[in-house]
Amino acid sequence: MNILRKEVLAQDIVRFAVAAPQVAAKAEPGHFVIVRHKEMGERIPLTIADFDAEAGTITLVCHGIGRSTREINELNEADAFLDVLGPLGEPYPVRHEGTVVCVSGGLGVAPMYPKAKALAAKGNKIIHLQGAQRKELLIMTQEMEAISEQSAYSTDDGSLGRRGFVTDLLREVLAGEDVDEVIAIGPLPMMAAAVDVAAEHGVSSVVSLNTLMVDGTGMCGGCRVTVDGQTKFCCVDGPAFDGSAVDFKEILKRQPFYRDMERKSLHRCRLEEVG
Amino acid sequence: MAPRQEMNKLPKGARTGFDEVALGYTWEQARAEAERCLQCRSPQCSKGCPVGVDIPAFLQAIVHGNIGRAYQILQDQNRLPAICGRVCPQETQCEGRCILAKKGEPVAVGALERYCADWARQHYNGTLNRADSGQAKAGQKAAVVGSGPAGLTAAADLAVAGLEVTLFEALHAAGGVLRYGIPEFRLPKDIVDYEIGQIRDLGVSIQPNYLIGKTLDIPDLFSQGYGAVFIGAGAGLPNFLGLEGENLNGVYSANEFLTRVNLMKAFRFPEYDTPIRVGKRVAVIGAGNVAMDAARTAVRLGASEVSIVYRRSRAEMPARLEEIVNAEEEGIRFQLLTNPLEVLGDENYQVQGLRCQRMQLGEPDGSGRRRPQPIPDSAFVLEVDTVVVAVGQGPNPILIRSNPNLQLDARGYIEVDPDTLMTNIPGVFAAGDIVTGAATVIAAMGEGRRAARSILEYLDCSS
Ligand SMILES: Cc1cc2nc3c(=O)[nH]c(=O)nc-3n(C[C@H](O)[C@H](O)[C@H](O)COP(=O)(O)OP(=O)(O)OC[C@H]3O[C@@H](n4cnc5c(N)ncnc54)[C@H](O)[C@@H]3O)c2cc1C
Ligand code: FES
Numbered sequence: 008m009n010i011l012r013k014e015v016l017a018q019d020i021v022r023f024a025v026a027a028p029q030v031a032a033k034a035e036p037g038h039f040v041i042v043r044h045k046e047m048g049e050r051i052p053l054t055i056a057d058f059d060a061e062a063g064t065i066t067l068v069c070h071g072i073g074r075s076t077r078e079i080n081e082l083n084e085a086d087a088f089l090d091v092l093g094p095l096g097e098p099y100p101v102r103h104e105g106t107v108v109c110v111s112g113g114l115g116v117a118p119m120y121p122k123a124k125a126l127a128a129k130g131n132k133i134i135h136l137q138g139a140q141r142k143e144l145l146i147m148t149q150e151m152e153a154i155s156e157q158s159a160y161s162t163d164d165g166s167l168g169r170r171g172f173v174t175d176l177l178r179e180v181l182a183g184e185d186v187d188e189v190i191a192i193g194p195l196p197m198m199a200a201a202v203d204v205a206a207e208h209g210v211s212s213v214v215s216l217n218t219l220m221v222d223g224t225g226m227c228g229g230c231r232v233t234v235d236g237q238t239k240f241c242c243v244d245g246p247a248f249d250g251s252a253v254d255f256k257e258i259l260k261r262q263p264f265y266r267d268m269e270r271k272s273l274h275r276c277r278l279e280e281v282g
Numbered sequence: 019m020a021p022r023q024e025m026n027k028l029p030k031g032a033r034t035g036f037d038e039v040a041l042g043y044t045w046e047q048a049r050a051e052a053e054r055c056l057q058c059r060s061p062q063c064s065k066g067c068p069v070g071v072d073i074p075a076f077l078q079a080i081v082h083g084n085i086g087r088a089y090q091i092l093q094d095q096n097r098l099p100a101i102c103g104r105v106c107p108q109e110t111q112c113e114g115r116c117i118l119a120k121k122g123e124p125v126a127v128g129a130l131e132r133y134c135a136d137w138a139r140q141h142y143n144g145t146l147n148r149a150d151s152g153q154a155k156a157g158q159k160a161a162v163v164g165s166g167p168a169g170l171t172a173a174a175d176l177a178v179a180g181l182e183v184t185l186f187e188a189l190h191a192a193g194g195v196l197r198y199g200i201p202e203f204r205l206p207k208d209i210v211d212y213e214i215g216q217i218r219d220l221g222v223s224i225q226p227n228y229l230i231g232k233t234l235d236i237p238d239l240f241s242q243g244y245g246a247v248f249i250g251a252g253a254g255l256p257n258f259l260g261l262e263g264e265n266l267n268g269v270y271s272a273n274e275f276l277t278r279v280n281l282m283k284a285f286r287f288p289e290y291d292t293p294i295r296v297g298k299r300v301a302v303i304g305a306g307n308v309a310m311d312a313a314r315t316a317v318r319l320g321a322s323e324v325s326i327v328y329r330r331s332r333a334e335m336p337a338r339l340e341e342i343v344n345a346e347e348e349g350i351r352f353q354l355l356t357n358p359l360e361v362l363g364d365e366n367y368q369v370q371g372l373r374c375q376r377m378q379l380g381e382p383d384g385s386g387r388r389r390p391q392p393i394p395d396s397a398f399v400l401e402v403d404t405v406v407v408a409v410g411q412g413p414n415p416i417l418i419r420s421n422p423n424l425q426l427d428a429r430g431y432i433e434v435d436p437d438t439l440m441t442n443i444p445g446v447f448a449a450g451d452i453v454t455g456a457a458t459v460i461a462a463m464g465e466g467r468r469a470a471r472s473i474l475e476y477l478d479c480s481s
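These protein sequence lines map, in sequence, to chains P and X.
Residue numbering for the first sequence follows our numbering, beginning at 8 and increasing consecutively.
Residue numbering for the second sequence follows our numbering, beginning at 19 and increasing consecutively.
Bound conformation, chain X alone (with noise of 0.2 angstroms):
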């Protein structure tokens, strides 16, 4: 068996500005990567992609050459292929599952994904299928809330069916977390619009500024002469750890660190108004996604000296692999088992430290995993002037705090029937981080599209 082929990235030294770090592969090797596919007759990579693209079915394409039969392929089960191809976490799913995982290398699906989605964008300018396939009577509406991977995938659907829908987004660009939250050096911003405007080519009507529950609300809505409503909020809301010292100066939560970076485009102030400040010593709290983001985001930033805090191990770590990996490269010092316990900051409120304790790993927790204790004695001082806390999100607060009645789960966040998905109003449905709590892209475009189902199913215009 071929090794798997090695995607080319940016070199480290060059790695300064904004640009995106993984370059893609070149034709070459696309093809030998594909071919290292088996083509199993029951193939289980499939199986772990929640969306059920027909992976040994674009891969085959690829190595015939036929890049646009393997987009096809592709978008026909997923609308944001060039996104997904770069920001999915493929070990735990289609590559997670590949025979060829048992020895360590699984078929690189994610980075052919990319492949393909990046020569349709460059070559064929081809605008999605329109499969009109008409099942709903004229003048049949249905609105969605929030832009982000689940209101546009459920957008997108209902649109095919020949509804019109309108895409609700309360910020003043499209994308949800694709937007203000992923970086510019993992996920371009012209790839998000690019993917977006193929979705509104079939006919969604993208409304930014649109705060449902203030601008409008869902009884709004229906009297507007919706049938339907898609509540694809996210989980926007920060999480704080409530230690002392986290409002001083210098403690940003992950989301508008990143917001100020990637929806204001701060960093390239003041060419851009919105500013952003970052030391020279910065200590960002979390292992996951939204950590390693800021960690490289701060470094890019200027900074000199910039370490993950996390209180597990790094086994635990929940970020993809690829960005642990270009964290390390990038210099990123990893603190594992410490956990913070104060900001410590000066007279002017500015941040001086955090005051940390060194962790070891006890009994397995109600995760599983096992659960991290303090070391007694162990506590040091990480001195810092910027604290990131990417601790986890919680629902996003607006729509459900208009909107009493909605029933939530002990969480808080919207609860629905597992079915179809419908929440306790009629005719309001819900999927993507809103109901799940924080999880992932591809977990949200494959809710998205199966509410998008139950809603024909309810508007009577299912095929």
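If we strip away everything but chain P, and leave its shape as in the complex, we get (with noise of 0.2 angstroms):
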């Protein structure tokens, strides 16, 4: 579980190459695991980013939002993390559809790369779409550029490529091009807009979803979501859905349930920065 590289991406957004050669060598893209970095950490879902089993490390990328996913992220090469649990999740069946558009906002490109990256060696023609708030927010262009045949991006202040939604650049490109698939992967309101422009174009979707999680093993049902009128656990059943039988207004009002304790964590957690 030793941390072989970090590196900081963006503000607040670090990759880690992590070896665990027990997850790495059953990882497949759409797998995530969840990690805890002390004994008074949460357990932390993490997205596999990337994985190589030969090396036997795999890949997290760590957006430091609450207190444990700061903490997670001040560790350093050589630290460790004291639980890694995983390969976890169903994993993304990855097939010849011909041309798939990848549709990535914020920190979403993170577990769109496995399977952009799969699709692709698969023969699969990739459109790679990427929204962010600003130009430094705009992170793995590279190893998405490498795989796709054509990429776009969009930010909302306007510092890189078009100014607005990624869903525009979706739209676009769906009034263009004969697409077989769309994968929408960020934020929940970008995922549900994806979801809505692929529709209208007549195309299927495919979300990946990111919900509040305890186990991950299907113990507990705090992972709950509604799709296609049912209940379905993300950590067993998903975290990959169609992205038409999903009820993101149910997941949207789920989201901030914690979010005032998180704050009063967070604010513990300068407050003993400072002190």
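One or more of the hints may lead you astray.
Some chain P residues judged to face chain X by a derived CB distance under 7 angstroms, without partners named [what the hints assert, rightly or not]:
id	residue
1	Q29
2	E35
3	D90
4	C227
5	G228
6	G229
7	M268
Derived BS3-like pairs: lysine-lysine, alpha-carbon spacing no greater than 27 angstroms straight-line [as the list claims (entries may be wrong)]:
id	chain 1	residue 1	chain 2	residue 2
8	X	K65	P	K260
9	P	K260	P	K239
10	X	K159	P	K33
11	P	K45	X	K65
12	P	K45	X	K159
13	X	K283	P	K260
14	P	K13	P	K124
15	P	K45	P	K13
16	P	K271	X	K283
17	X	K30	X	K65
18	X	K207	X	K283
19	P	K271	X	K298
20	P	K45	P	K271
21	X	K159	X	K27
22	P	K33	P	K45
23	P	K142	P	K132
To be clear, the hints were calculated from the coordinates, so they are not data collected in a lab.
Beta carbons: idealized from backbone N, C-alpha and C, even for Gly.
These two chains come separately, so use the hints to put the complex back together.
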């Protein structure tokens, strides 16, 4: 569970290469792990953003927003995670679809990359669309470009690529091109919008959900989501689902349940830093 | 006949934190209680014990003041006595069969078991006798999946027989329900640590963070040289009722609620990072041990009004008697013969109430219990902001899903040969809740032991 490499991709966004041979040996695109960095830490789900079975390593990208994730991002090379459990979730079925548009928002590019890479290896044409608030937050662009035939970017402030939403780019691509599948991963509103745009063009879509989790093994139900009118556990049935079947409204309401408490914890964390 | 000794408990007013409520016997109490045993010629108590502890003998040893000996007798059949003394439903097992139970005051076997185990832990620091009977050949290995009571017991027995045993656990800490389900105030985790430590000392290698079916699969275990695999994966999949509003904010499965508090120590937030949010008014649906644990936990997390909502009557409540009494003492209300219909929420998806209906008991159903039937026009709303669903569990899904060739019964649990406890896959055995459905700690231990015996036979190393 040792950290072999650490790289700051953007503010609060860190990429780690972690020695986890057992996990790497079984990892497939779409899998994730649950990590704990210390005894008092939360169990944090992180996507396996890349893996190398031969080297026995997995790549994780962590966004420091809560207390545990911020502390994780302060770990350094030669530090270790206390626990790494995985690979978890259902792998994403990599098939030959034809042309696939990969729509990533913010940190969503991390879970997108292993899927896109595997799809490209299967001979699919990858169109890569990526959006972020501003230029500095457009991460992993080189990796994505290396496997994509086409790439386009959008930022909220126009600092790189199109000013506006990444779904605008999607709309344009779908208008001009025969597309077989859309994969959308990113903030919930972005995924919901991408699913709608794909549906308008009669294209099926896949999303990857990032719900609250505790155990990640199907034991608590804290990660439950409604898909096709049925309750599913994101950690064992997902995290990828058919976008048009997902009840985004419910997920949007469930996500912030602990936000006040997280603020309190972070506040305490900052006090400790100061004191 | 002297009256049964009452165990000291934390006074009601002092039960604000997660300190253990039951305080155990003093030596004088223990001796007086053990002396109540009539030493029956054909004792029924031991027959009521799923692992067959020689109860009269251990009680006799207490009477003679030889607690070390009493502990050994317990240990011979039960490797988790401090745990079982605290959580077994004695009233339906040993104590239920005690001849004195007919007069309503059976010998307090559970409290005495606890007394001996606690004494041994404090005074004797005794490691389990490693009866290294050495039937196993050098290098023979067995894998155990799941570290609940079934897995722990099987692992210990296999290790004692000389096998190299590896115990794989999905979570970051061992113990199964003992770790993530049963709260600190009923089963302190340092006791769980201690008794698991004793099993580790037998030579069992405990590997947390291994989800079998994902990290490794059963065929991997065989190719790594394990001659047999024991599955004790438990019944951890939380049932929901399928009510309207069950996915609102503020609705927890009991498993999530208890896991946050016990495994992740959310009761010490923000010292520990995992949060839990409990409102002022909490409804817990269900009336088993899980429901009592959730309700009593909610009280300790600061809820001012906690109700158990149960559609049958008091007589059918499946929880241990002692926990029902404790719950009552802690001010938990019992909404019996009450059936939940719908969780109500506000525009922010936050729970606002639980719409229920009153019930009455009709004819007996398949389980022999009288079937509850709705009373017409009796719907009402219980005003709550948190709902905990504690209506049972199903089989843990992952191992089963990743082994589609594993034969299951009609309810989805693993099917085993009733004599050998072997599954349809040769060399793969299973026991505990993953076979029987949610049952008890001691039943899981008894079956774990039986499976270990047949694994030894299968590997040709039984004595
Ligand atoms: C809240 C609560 C209170 C209870 N109170 C009592 C009580 O007072 N008295 C009593 O007698 N009984 C009680 N019970 C029931 C009792 O705890 C169970 O019957 C017993 O623990 C079952 O033991 P087990 O070993 O079969 O499974 P479990 O204790 O469920 O352990 C199974 C273990 O296997 C692990 N696991 C699952 N799948 C995998 C996998 N694929 N790979 C690796 N590991 C895996 C799980 O993480 C878990 O740790 C209670 C249960 C709960 C939930
Ligand atoms: S995280 Fe607990 S069931 Fe999915």
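Legend entry - Restraint check, 7 angstroms cut-off on beta carbons, for D90/P near chain X: Interface hint status for D90/P: holds (4 angstroms vs cutoff 7 angstroms).
Legend entry - K45/P paired with K159/X [C-alpha distance capped at 27 angstroms]: violated (32 angstroms)
Inset, instruction - Mind checking the alpha carbons of K283/X and K260/P for me, to see if they're no more than 27 angstroms apart? - result: Holds, at roughly 25 angstroms.
Legend entry - Straight-line alpha-carbon gap K45/P to K271/P, limit 27 angstroms: Satisfied, since the Cα-Cα distance of roughly 19 angstroms is no more than 27 angstroms.
Inset, instruction - So, G228/P near chain X? Judge it on the closest CB pair being under 7 angstroms. - result: holds (4 angstroms)
Legend entry - Minimum beta-carbon distance criterion (7 angstroms), C227/P to chain X: holds (4 angstroms)
Inset, instruction - Quickly compare the C-alpha distance for K142/P and K132/P to 27 angstroms and report which way the hint goes. - result: holds (25 angstroms)
Legend entry - Interface hint outcome for G229/P [beta carbon to chain X under 7 angstroms]: It holds, given that the least Cβ distance between G229/P and chain X is near 4 angstroms, below 7 angstroms.
Legend entry - Proposed proximity, K13/P with K45/P (alpha carbon, max 27 angstroms): Roughly 18 angstroms between the alpha carbons, so the hint for K45/P and K13/P holds.
Legend entry - Restraint status (C-alpha distance of K13/P to K124/P at most 27 angstroms): Given that 27 angstroms is the threshold and the Cα spacing comes to 22 angstroms, the pair holds.
Legend entry - Cut-off 7 angstroms, beta-carbon criterion: hint that Q29/P touches chain X: holds (6 angstroms)
Legend entry - Interface hint for E35/P, Cβ within 7 angstroms of any Cβ on chain X: Where the cut-off is 7 angstroms and the nearest Cβ of chain X is about 11 angstroms from E35/P, the hint is violated.
The structure fails hints 2, 8, 11, 12, 17 and 21 (numbered hints given earlier, in ascending order).
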